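Sequence lines, in order, name chains Z and R. Each residue of the first sequence is one higher than the one before, counting from 1 in UniProt numbering. Each residue of the second sequence is one higher than the one before, counting from 1 in UniProt numbering.
Don't take every hint at face value.
With beta-carbon atoms standing in for the labels, derived distance ranges [as the list claims (entries may be wrong)]:
no. : chain 1 : residue 1 : chain 2 : residue 2 : range
1   : Z       : G211      : R       : V483      : 37 to 47 Å
2   : R       : T291      : Z       : G102      : 56 to 66 Å
3   : R       : I404      : Z       : D260      : 31 to 41 Å
4   : R       : T397      : Z       : G147      : 36 to 46 Å
5   : R       : F485      : Z       : P228      : 56 to 66 Å
6   : Z       : G102      : R       : S489      : 47 to 57 Å
7   : R       : F15       : Z       : D24       : 55 to 65 Å
8   : Z       : P228      : R       : S288      : 54 to 64 Å
9   : R       : I124      : Z       : N210      : 20 to 30 Å
10  : R       : H10       : Z       : D24       : 30 to 40 Å
11  : Z       : G102      : R       : Y417      : 39 to 49 Å
12  : R       : R188      : Z       : D260      : 34 to 44 Å
13  : R       : L45       : Z       : E137      : 45 to 55 Å
Quick caveat, the hints were computed from the structure, so don't treat them as lab data. If you're wondering where the values come from, they're calculated on a predicted model, not measured in any experiment. By construction, the Cβ of each residue, glycine as well, lies at the ideal position given by its N, Cα and C atoms.
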Amino acid sequence: MFRKIAVAAGLMAAAIAGPAQAQDYPTKPIEFIVPWGPGGGSDTQMRLVAQGLAEETGQAVPVINMPGVGGNVGLAEFAKRPADGYTISQIHEGLLISNGTGITDLNWDSFMPIALVTSSPQYLTLSKNDNFSTFEEMVAYAKDHPGAVRAGVTLAGVPHLHMAMIEDAFGIQFSYVGYEGTGQRIRALVGGNIDVAIGDVSSAGQFVENGDLIFAAVGMPERTAEEPDVRTFKELGQDLDLAVTRGVVLPKGTPQDVADALEAHLEKVMQNEDVRTKIKNVGSEPVFLGQDAYKAYLGKLSDTVNRLVGKLAG
Amino acid sequence: MLDAFLAGAHQVFAFDTLIYMLIGSVAGIVAAAIPGFTVTMAIILTLPLTFAMDPLQGVSVMLSVYVGGYTGGLISAALLGIPGTPSSVATTFDAYPMARGGEPGRALSLGVWSSFFGTIISTIILIVAAPPLALIAVKLGPWEYFSLIVFALTIVASLVGNSLMRGLIAGVIGLGLATVGPDPMMGRPRLTFDSDILMPGLPFLIVLIGIFAISQLMGEVEDDGKSETKGALIPDVIEFKTWAVMREVLMHPVNLIRSSLIGVFIGALPGAGGSIANLLAYDQAKRSSKTPEEFGKGTPDGVIASEAGNSATAGGGLIPMIALGIPGSAVDAILMAALMVHGISVGPRLIMDNADLAYGMFIAMIVASLMMLVVCVLSMRLFLRVTDIPKQFIVPTVMICCVIGAFALNNRVTDLYLLGAIGLVGYGLKSLDYPLAPLVLGVILGPIAETNLRRALMSEGDWTVFFTRPISAVLLAAALLSVIFSIRSVLKMRKKNRAVTDEQDGD
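Given these sequences and hints, build the entire structure.
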C-alpha cells in the first residue's frame with residue numbers, strides 16, 4: 001500500500017515536473033516489464049535487479065509481470081511504450097529463437113540492449129539409467145541408437161536450442177519431448193520419463209549430490225565454482241556456450257544519454273554485494289556487459305540461432 | 001530431530017513472526033474473498049517483503065497467506081454465488097443455496113471448519129508421508145497424467161444439473177475455448193485469426209471470472225425488483241453456532257477424510273491443484289451419498305467436500321516441494337524463490353540439510369490454519385454485512401473488483417475485452433439453463449490433457465502404453481466405470497421421473 005502511494009506520488013510529481021532531463025534521470029518511477037510469469041528464473045532475478053536499481057536511483061522500480069506466448073506478449077506491449085527510459089524490460093535467448101522460428105517479428109535489434117546482467121550456466125544432465133552414466137557413454141550410445149535417447153526440452157525454446165547445439169557439435173540425434181520449464185524437465189528426469197535434459201544447479205544440484213542425476217557437462221568457457229568436477233564442453237572437444245543470459249533493454253528510439261545513464265546505474269547495481277549474493281543464491285551468475293559488449297554478444301548468438309533454426313521449427 | 005523441531009518452533013513462535021503471519025492470514029482471506037483477486041497475486045506482493053526477513057519467517061508469512069487464501073474463496077462463493085478463487089467453484093453449488101435459504105452463517109461456518117480440518121489433515125500427511133508420496137508423484141509420467149485427466153473429465157456428469165445433454169455441450173464448449181491461443185507445446189498460434197486480443201489465448205482465470213461472476217451479477221440485476229428480498233438476503237438474527245457446526249462437520253468423517261485425501265493427492269501432482277480438487281471431491285461425495293438428489297440444493301456434504309478438498313491441496317502441494325524441491329504450482333514456485341534468495345537450496349536434501357526449516361514450515365502450516373480459523377470466526381459477522389448492502393452498491397463494486405483483478409492477472413488490456421465477451425457468453429448460457437461448471441472444467445482440463453497426450457506420444461509413439469502402465473490403466477478403468485455409473489444413474493433417474501409423472505418427458 002505504502003509503495004502504491006509512493007508510486008502514485010512519484011507519478012504526480014513527474015507529471016508536474018514535465019519532461020525529464022537526461023542528466024538527472026530517473027526523476028520518477030521506472031516500470032520494469034518482466035515478460036514472464038511470477039516465480040520463474042527471469043522473475044526472481046529481475047526482481048532482485050529491480051530492487052537494486054530502486055536503491056541505486058532512489059526511485060521505485062515496480063515489476064510488472066506480463067506473461068504469454070514465451071515472453072512475446074509482454075515484449076510486444078513494451079515495444080509500444082514511450083521511449084523515455086521510464087519503461088524497461090528484459091530479454092533472453094528465447095526472443096531470438098521465437099524470431100527465428102517465426103513466432104514473433106520482434107528481435108533483439110527491435111530494442112536498445114543496455115546491459116547483460118545475469119548469466120545462468122546450463123548443465124547437460126543425465127538420468128540414472130542402464131545405458132550410460134557419462135558424457136562419452138551417452139554420445140556412444142546415441143551414435144549406436146539414433147533417436148533412442150529422449151531429451152526433455154521446451155520445444156522451440158532455449159533448452160531446445162542448447163540440445164540442438166549439442167546434437168550438431170557431436171553428430172548425434174535425440175528424440176525430443178516437450179516440457180514447460182526447468183522444474184518440469186527435472187521432475188521427468190528424476191522419474192525416468194526422459195533420459196537427458198538441460199538443468200541448472202538450483203533445480204538439479206541436490207539431485208546430483210544425492211546421486212539421482214548426473215551432470216555430464218557444463219556449457220561455460222571454464223568449470224564453475226559450484227560444480228568443479230563437471231567438465232566443460234571445451235574439455236570434451238567442442239566449444240559450446242550454453243547459458244541463459246538475461247539483459248535489460250529499452251524501447252528503440254530512447255535518447256542515447258538516457259540509455260547511458262541507465263547503463264551506468266545498472267553497472268553500479270551489479271557491483272552491489274547484496275544483489276550479487278542473492279543472484280548467486282538463486283542459481284545464476286551476476287555479470288555486467290555494457291551496451292556495446294552486449295550487442296556484440298547478441299549478434300554472435302543470432303548467428304548460432306539462425307544456423308540451427310531449421311532443427312527447432314519442426 | 002527434536003532439536004530441529006524445537007529450533008523451527010522457536011522461530012515460528014517469535015512475536016514478530018506471529019504478527020506478520022496474522023497480517024498475512026487476513027490478507028490472504030480478503031484477497032481470495034474478492035472475485036478476481038487471486039492468492040497468487042497476494043503472495044507475489046509479499047515476496048519482496050520476505051527478502052528482508054529471515055528465511056523461515058518469510059516462508060511462514062507466505063504460508064499464512066496461502067492457507068488463508070484457500071479459505072477466503074468460500075466467502076464470496078457462499079454469499080454471492082461467485083467463486084472467489086478457482087478452487088471454490090464447487091463451493092458455490094451448495095453453500096450459495098444454503099445461504100439463500102436463510103442459513104448464511106451455517107454455510108460459512110461449515111466451509112471454514114471444513115477448510116480448517118482439510119488443512120490439518122493435509123499437513124499431517126505432509127509431515128508423515130512426504131518423501132514416499134513425492135517419490136510416487138515424480139514417477140508418474142505423461143501417460144498417468146493423461147489418464148487422470150480423462151477420469152476427471154468424466155465428473156462432468158455430476159455437474160450437469162438438469163440436463164445431461166446441456167452439461168455435455170457446455171463441457172465441449174469449454175474444451176473448445178481452451179484450444180484458442182498458442183498451442184501448449186510449440187507456442188504456435190491456433191484459432192487466433194491474427195488478432196492481438198486472441199493471441200495470448202483465453203486465460204483460464206479470465207474465463208472463470210467472466211463465466212461465473214459476470215453472469216451471476218447480471219442475474220442479480222435482472223432479478224432485482226422481481227423477488228422482494230430488498231437486497232438483504234439474510235434474516236435479522238444470524239446464528240453461527242460455531243461449535244455446533246464444528247460437530248456437524250466432524251459428523252461427516254468419511255466425507256471429510258475422503259475429500260482431504262483427494263485434495264492431498266491432486267495437490268501433490270504438479271499442474272492443476274485446487275481448481276480440480278474441489279470438483280473431484282464434490283463429485284466423489286455426491287456419488288457415494290445416499291441422497292445425491294440433495295446435492296446442489298444446499299446440502300452440508302457438498303460444502304464440506306469442496307472446502308476440505310481445496311484446502312487440503314495446500315499441504316499436498318508442499319509435498320513435492322519440501323521432499324524434492326519441485327514446485328507443484330505457481331505459489332510453490334514463489335515460495336521456493338523466497339527460500340533460494342536467502343541461499344537455501346531447495347531440493348531432495350532440504351529435510352536433511354535444513355531440518356529446522358522443514359519442521360518450521362510444518363509448524364507454520366498448523367499455526368496458519370489456526371489463525372485462519374480465528375480470523376474467520378471473528379470476522380464472519382463482518383462478512384455477512386456484505387449481504388445487507390443494497391444490490392445497487394454491491395453489484396457494481398464486485399464488477400469493478402472483477403475487472404481490476406482480471407487486468408492485474410497479466411497486465412493485459414486485451415484480457416478485459418475477452419472478459420466482457422466471455423461474460424456475455426456465460427450470461428447467455430446461464431439464461432438458457434446450461435450448467436457453467438462443466439465449461440470451466442473443460443477449460444482447465446483441456447490443455448493439461450493435450451499437453452500430456454502429446455508428451456506421451458513424443459516419448460513413446462505407442463498407444464498401448466496407456467494400458468500397459470499399471471497406474472494409467474487403473475485410472476482409465478476408473479474413468480470407464482465412472483461413465484457406466486453415470487449412465488446408469490441417469491437412466492434410473494429418468495425411469496423414476498417417468499413413473500411419477502407419466503406425461504412429462506425426462507429431457
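Evaluation of the provided hints:
1. Range check, G211(Z) to V483(R): about 44 Å between beta-carbon atoms, so the 37 to 47 Å window is met.
2. Between T291(R) and G102(Z) the beta carbon distance is about 57 Å. The supplied range of 56 to 66 Å therefore holds.
3. At roughly 38 Å, the beta carbons of I404(R) and D260(Z) sit within the given window of 31 to 41 Å.
4. Distance hint check for T397(R) and G147(Z): the Cβ-Cβ separation is about 59 Å, which falls outside the suggested range of 36 to 46 Å.
5. The beta-carbon spacing between F485(R) and P228(Z), approximately 59 Å, falls within the hinted interval of 56 to 66 Å.
6. Restraint check, G102(Z) to S489(R): a C-beta distance of roughly 50 Å satisfies the suggested window 47 to 57 Å.
7. For the pair F15(R) and D24(Z), the beta carbons lie near 43 Å from each other, so the given range of 55 to 65 Å is not met.
8. Between P228(Z) and S288(R), the C-beta spacing of about 57 Å keeps the proposed range 54 to 64 Å intact.
9. For I124(R) and N210(Z), the hinted distance range of 20 to 30 Å is satisfied, since their beta carbons lie about 26 Å from each other.
10. Against the hinted window of 30 to 40 Å, the Cβ-Cβ separation of H10(R) and D24(Z) comes to about 48 Å, which falls outside the hint.
11. Between G102(Z) and Y417(R) the C-beta distance comes to about 26 Å, which lies outside the given range of 39 to 49 Å.
12. As the Cβ distance of R188(R) to D260(Z) is approximately 39 Å, the hint placing it in 34 to 44 Å holds.
13. Our hint of 45 to 55 Å for L45(R) and E137(Z) holds, since their Cβ atoms are close to 48 Å apart.
Violated hints, in rising order: 4, 7, 10, 11; the structure is consistent with all others.
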